[in-house]
Amino acid sequence: MVDSFHRTSFHYGIMALKRINYDKKELDRRREESLNENRDVIVWSNDRVIQWLTTIQGLKE
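At position 30 of the sequence shown the residue is numbered 30 (the UniProt record's numbering), and the sequence of numbers has no breaks.
Be aware that a few hints might be false.
Unchecked claim - In the DMTMM-like style, the derived pairs of lysine to aspartate or glutamate whose C-alpha atoms are separated by at most 25 Å in a straight line are:
1. K25 / D40
2. K18 / D40
3. K24 / D40
4. K25 / D3
5. K24 / E37
6. K25 / D47
7. K18 / E37
8. K18 / D28
9. K25 / E37
10. K18 / D3
It should be emphasised that the hints constitute simulated quantities derived from the structure, not laboratory data.
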């Protein structure tokens, strides 16, 4: 790891996986359920965060 940001990001990623018992199917299911709703942000991908940000007034490109 190059810097503390990467280390922290990696750490939180592992914590999120641990919360769902490292179950990829559960992660995929929860991501699918939160695609069109602003909930369960712990399983959002970067793309989902960007999608949410574009809905906020004043943050559109």
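We went through each hint and held it up to the structure:
{"no.": "1", "hint": "K25 / D40", "result": "holds (15 Å)"}
{"no.": "2", "hint": "K18 / D40", "result": "holds (15 Å)"}
{"no.": "3", "hint": "K24 / D40", "result": "holds (15 Å)"}
{"no.": "4", "hint": "K25 / D3", "result": "violated (31 Å)"}
{"no.": "5", "hint": "K24 / E37", "result": "holds (20 Å)"}
{"no.": "6", "hint": "K25 / D47", "result": "holds (19 Å)"}
{"no.": "7", "hint": "K18 / E37", "result": "holds (23 Å)"}
{"no.": "8", "hint": "K18 / D28", "result": "holds (15 Å)"}
{"no.": "9", "hint": "K25 / E37", "result": "holds (19 Å)"}
{"no.": "10", "hint": "K18 / D3", "result": "holds (23 Å)"}
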